[in-house]
Amino acid sequence: MKKQFIITGILLFSITLFGQEVIAHWDFSKGKIDSADGKFKMNFRGNTKIAGPEGKQYLDVGITSKETPEGIISQKNYPELTPDGAFRLEIKARLREQTGTKPYLILWDTHYSMNPKSSDPKRKKGLIFYLVRSKDGKLRPAAAFGFGDSLDFVYGNPVELEEDKDFTLAVEYDGVKKVSFFLDGKLNRATAVKKGGPLAKAAYPLIIGDRYRSGFNRFDGQILEVKLTALPSPEK
Amino acid sequence: MKKLPLFIFAAALVLSADAVNPLKEQLSTPEQCRAVFNDPKADSVLRRAAFRKLLESPHADAVLRSGLKDADTAIRSGSVYRLFQKKGDSAFDQLKGAVRESDPQTAALLLACAQRFKDKQKSRELITLLSKQSPVHEVRRAAVRIIDFPYYRKVMLLRDNPTHDYEVVTVKSIPLAQTGWKFRPDPMENGHHKSWFKPEFNDAKWKNISLNVWEKQGYDGYDGIAWYRFRFTMPEKMDCNAVEIHFDAVDESAWVWLNGKYVGQHDVGPSGWNMPFDLDITQEIKWGGENQLTVRVEDTMAAGGIWKPVKINIVK
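Just so you know, the sequences run in chain order E and X.
Each residue of the first sequence is one higher than the last, beginning at 4 in the numbering used here.
Each residue of the second sequence is one higher than the last, beginning at 714 in the numbering used here.
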């Protein structure tokens, strides 16, 4: 009887995982900024550093009141970091007390511009995953999807995030149109992009914790873990 | 109707004064005036005279626009005054372009004009821009006071009191602890709207900080406003004429409340980072009980914060 339970469990677990593949995983608790498998090499920017006690370290996104870059940047543009189809991007982080004035707190950026009217096609590729701070202090999950010829912005529902408390925020895209935001494993909002289809491969390197260039919008806090997973597309 | 400050009239009088005769000869035609005005190396008195004459031409608007960017502060201030006098609220866009004016008198004139816009939204917008972007510290502060931060008290210490014609002696000096202060950055500059200076405000979630620059305590890179809160106990009432709070140094500006009441400021701009200062707290101090001190600090460059000791001086 016990064996049957274990086999059933393994089967269910395998089905759940079937088709899922971790593309990239950063676990800052070990004090390293490269991805866990060493494949994606990163560099620090600005005042950003690894901080915290051994085994519980985190990426401490630097504080700056100037228009200067923070976060970490990949040493080159890795095409794998723009998934071909469905994917989930989940980020474990925590806010510090507010030290910046910018409304955007960017967690992941591979496409730089947030201007949908930009004439530069390079700026309509890749993905930005971020939080938008409103005047009442609430934060709204958001993502900008670059499809090459268009930039689609989608938003989750506003949430209250406590300072110094860990949260896990995720965005899931089915590779067709559907986008879902999750906070601590619970669905925050299901929505859809207008254009849909696969993302256009990013033209810029990855930044974790800020934006690529000019008009910097750093994440105001600490990042513990980042995981990008390819998901089976709905057709499969 | 409010009257414009005296210096505006002074500027206007200087600019409207008729030039001396030799100048008139050199500026008898509009072409001559334009040539002189467009020559940055021309004699400054002659250029100002040319500027005044050109203001009577049909191209006065263009002259004023160009005058706002002129190297001569008299022409810049004259342009601000004339533009506002001529166009009123319609001068908004042009005056907005002059918010980074570095000449203190011209910047103050700009602020005076901004206060007199009939359209209060435009008035507020221009004053807000000046409060953030004016390179002139006094103008920036004056603009902030007008729109959002009315806290100001003239600092008057016992030693400044002309009726106290005796030597001022410190009877007792009570140093405040270096540790146990509560701290919170205020990048949106709205802590005063959230009552962060009130004694009953709950600061339990604020970070603990010591008296040292905040850059060394986890806030490296932060420039802007931050608040400190601290509780201390005073002994039973002593024989004295005044009680003063003494700061050895705050980098760089500070606004201080004691028990929820505003007691004064140290606000001389970046040069104030290492200056000791005192504020009178005779009326606000609670003898024989707990006192709650709040300090709002602004740092605009490099290190910031209450970085040297603070003490309560009982003086006689």
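A couple of the hints might just be wrong.
Stated by the list, open to error - Under the rule of at most 30 Å between Cα atoms (straight-line distance), these lysine-lysine pairs were calculated in the DSSO-like manner:
hint, chain 1, residue 1, chain 2, residue 2
1, E, 33, X, 809
2, E, 189, X, 929
3, E, 168, X, 907
4, E, 230, E, 44
5, X, 809, E, 69
To be verified - Just a sample of chain X residues kept apart from chain E, beta carbon distances all over 12 Å, derived:
hint, residue
6, 816
7, 832
8, 837
9, 859
10, 897
11, 903
12, 908
13, 914
14, 918
15, 920
16, 936
17, 939
18, 1012
Derived from the structure by calculation, the hints contain no laboratory data.
Glycine included, C-beta positions come from ideal geometry on N, C-alpha and C.
- Failing hints, ascending? Per hint list: 1, 2, 10, 11, 14, 15, 16, 17 and 18 violated.
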